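Let the hints inform the model, and build the full structure from the sequences given.
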Amino acid sequence: MKTREAEAALPRAAGAGTALLVSIIALMTWLALLALGASVALGAIARERQAGLAGRWTVEIAAEASRNKPSELRARDAAQILRGVPGIVRAEPLGRDEIRRLLSPWLGNDAVVDELPLPGLVDVVVDPHKPPDVAELRKRLAEVPGAVIDDHRGWVVEIVRLARAAEAVAIAVFVMVGAIALLAIVAAARARLAIHAHEVELLHVIGAADRWIARQFQVSALAVALRGGLSGLILAATTIGLTAWGFQLPVDRLLPLLGPAWSIVAVALAVPAAAAFAATLAARWASMRALRRLP
Amino acid sequence: MVYDPSHMIRFEEVGFRYGPGPEVLRDVDLDLAPGSFHWLVGASGAGKSTLLKLLHLADRPTRGRVEAFGEDLSVLKRRHLPKLRRQIGMVFQDFRLLDHLSVFDNVALPLRLARTRDSSLRKDVGEMLDWVGLDGVANADPRTLSGGQQQRVAIARAVVARPLLLLADEPTGSVDEATGTRILRLFQELHRMGTTVLVATHNELLIERFPHPVLRLAEGRLTIRATPADAGGVS
Ligand SMILES: Nc1ncnc2c1ncn2[C@@H]1O[C@H](COP(=O)(O)OP(=O)(O)OP(=O)(O)O)[C@@H](O)[C@H]1O
Ligand SMILES: [Mg+2]
Numbered sequence: 000m001k002t003r004e005a006e007a008a009l010p011r012a013a014g015a016g017t018a019l020l021v022s023i024i025a026l027m028t029w030l031a032l033l034a035l036g037a038s039v040a041l042g043a044i045a046r047e048r049q050a051g052l053a054g055r056w057t058v059e060i061a062a063e064a065s066r067n068k069p070s071e072l073r074a075r076d077a078a079q080i081l082r083g084v085p086g087i088v089r090a091e092p093l094g095r096d097e098i099r100r101l102l103s104p105w106l107g108n109d110a111v112v113d114e115l116p117l118p119g120l121v122d123v124v125v126d127p128h129k130p131p132d133v134a135e136l137r138k139r140l141a142e143v144p145g146a147v148i149d150d151h152r153g154w155v156v157e158i159v160r161l162a163r164a165a166e167a168v169a170i171a172v173f174v175m176v177g178a179i180a181l182l183a184i185v186a187a188a189r190a191r192l193a194i195h196a197h198e199v200e201l202l203h204v205i206g207a208a209d210r211w212i213a214r215q216f217q218v219s220a221l222a223v224a225l226r227g228g229l230s231g232l233i234l235a236a237t238t239i240g241l242t243a244w245g246f247q248l249p250v251d252r253l254l255p256l257l258g259p260a261w262s263i264v265a266v267a268l269a270v271p272a273a274a275a276f277a278a279t280l281a282a283r284w285a286s287m288r289a290l291r292r293l294p
Numbered sequence: 000m001v002y003d004p005s006h007m008i009r010f011e012e013v014g015f016r017y018g019p020g021p022e023v024l025r026d027v028d029l030d031l032a033p034g035s036f037h038w039l040v041g042a043s044g045a046g047k048s049t050l051l052k053l054l055h056l057a058d059r060p061t062r063g064r065v066e067a068f069g070e071d072l073s074v075l076k077r078r079h080l081p082k083l084r085r086q087i088g089m090v091f092q093d094f095r096l097l098d099h100l101s102v103f104d105n106v107a108l109p110l111r112l113a114r115t116r117d118s119s120l121r122k123d124v125g126e127m128l129d130w131v132g133l134d135g136v137a138n139a140d141p142r143t144l145s146g147g148q149q150q151r152v153a154i155a156r157a158v159v160a161r162p163l164l165l166l167a168d169e170p171t172g173s174v175d176e177a178t179g180t181r182i183l184r185l186f187q188e189l190h191r192m193g194t195t196v197l198v199a200t201h202n203e204l205l206i207e208r209f210p211h212p213v214l215r216l217a218e219g220r221l222t223i224r225a226t227p228a229d230a231g232g233v234s
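Protein sequences, first through last, are from chains A and B. So the first sequence is numbered by numbering that gives the first Met the number 0: it starts at 0 and just counts up by one. So the second sequence is numbered by numbering that gives the first Met the number 0: it starts at 0 and just counts up by one.
These are computed hints drawn from the structure, not numbers from a lab. Mixed in with the good hints there might be a few duds.
[Stated by the list, open to error] Using C-beta positions, here's what the derived DEER-type ranges look like:
1) B/S48 with A/A171: 52 to 58 Å
2) B/K82 with A/F276: 26 to 32 Å
3) B/A139 with A/H197: 18 to 24 Å
4) A/A190 with B/E11: 39 to 45 Å
5) B/E12 with A/A190: 37 to 43 Å
[Stated by the list, open to error] Here are a few chain B residues that sit away from chain A, every Cβ distance over 10 Å (derived from the structure):
6) S73
7) D134
8) V136
9) E169
Computed from a predicted structure; not experimentally measured. Don't be surprised by glycine CBs; every beta carbon is placed ideally from N, CA and C.
So, in structure tokens, the structure goes:
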């Protein structure tokens, strides 16, 4: 009833100005959703990597560190030492074939590789709840020439930092996009007030309260923002779908990392909903401000 | 807010100027008694529309005191004005119909502002259009109507919500004599039902036919000339 009543008093927002605003809000929603999606996905991937690597360390034995003992044998020694340390669940030297397989991306599969001295590797599984002290391990491994322990922490920390930075940028983009959309809505409300100054003045003098007139602008801003927001949502879903398909992203594995399906839908819908809400408030603010200048 | 029905509108030494321009109204004293009927005359540019604008509470005087329904306008909060304005019906000289609304919705506007229920709104607007002889064009776009028809839409809109005070600026300016007479009969009827009426006009014939006290504006000053068939008090 209130909506119908409000719609009756001012011309519906229509024409090129509205189409422009709908497109602006659609693009803003699209950008915001992509930024949000990227930040959430990066965060989830970083967390997965962090968790996956938390219990796995590696000991690497440089091939050329000792001429007397091949790296394979030294790897066995290292594994022997590690097995006695509390907090280490498993320490297994990798076989030559496995090491070759791991190194093949760099060395290729030529027969010549057989001649090359290969480093030794020990795969170490630690108890993630009480991992052994890395410094202590280094001391013990000192007796194996060329042994270096890698807890992957440096790499994980770097990835997590990178993801956090990307997340921060994405959030900044999100906020900026929201601010620009608000400015556009305020400008549109002002333009509408100016275009319909005669109608607004008439409504004012025949006794329409400011709130009553402002509601007309709110309703049209809400309609425009909903149209723009939903178009942006559809665009963003299409873009993300095409990206996942084009770059062959493992969606089956990535999606569950983001959270339950309903929460993804809820967040996706929250963005256009927030746009609609903000548009209503912005239109109200702009029109109330202009109306207060009338006698 | 409670307003006093024993007071309609009272002006004390009211002056008004548009921006930095000359004073259009000067030292206007006026006490419109409830239930009165007045004519307002004056040469073109004398300030009739301006006086009506102040009576309509559409603007505040640049000096002097305006009291509406017992409320002093100079101290009244802005948010209370709409409710007072809704007690006043105004027929604008230039009609001021809303082009994007049908004739029906134009007339319905004051009722919608007063939050009248849909069923009684339909009935009231229908009767009103009947009364001004426009029941056939309820759904028309006002731009497609003749000047006289538009004027009658403006009149219907001004009176549909049964205002306490009816102000009309040249309400017969665009209609033939017969229609003008019909419009005045309509105003007379509203007046008999208790509405206070003030009509600005150039039409001396109409004043002769419907004798009421005449307010005259000249050089921004207001004088009054009573006629025999006085229809209400004036100070
Ligand atoms: N919006 C305005 N801004 C500036 N001056 C105005 C404005 N409206 C009216 N005036 C001036 O105020 C004076 C009175 O104008 P007003 O319209 O009240 O006269 P009127 O008696 O209604 O004339 P008419 O019989 O032609 O309708 C005129 O000199 C006019 O130029
Ligand atoms: Mg005039």
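Cross-check of the supplied hints:
The hinted window of 52 to 58 Å between B/S48 and A/A171 holds, with their beta carbons roughly 56 Å apart. The hint said 26 to 32 Å for the Cβ distance between B/K82 and A/F276, and at roughly 30 Å that hint holds. Checked against the hint of 18 to 24 Å, the pair B/A139 and A/H197 passes, with Cβ atoms roughly 20 Å apart. Judged by the Cβ atoms, the range 39 to 45 Å given for A/A190 and B/E11 holds: they are separated by roughly 42 Å.
Checking the proposed 37 to 43 Å range against B/E12 and A/A190 shows it holds: the Cβ atoms sit about 42 Å from each other. Listed as a non-interface residue, B/S73 keeps its Cβ farther than 10 Å from every Cβ of chain A; the least gap is roughly 12 Å. At roughly 20 Å, the least C-beta separation between B/D134 and chain A is larger than 10 Å, which holds for a residue marked as non-interface. A cut-off of 10 Å between C-beta atoms confirms that B/V136 is not in contact with chain A; the least separation is 18 Å.
Listed as a non-interface residue, B/E169 keeps its Cβ farther than 10 Å from every Cβ of chain A; the least gap is roughly 17 Å.
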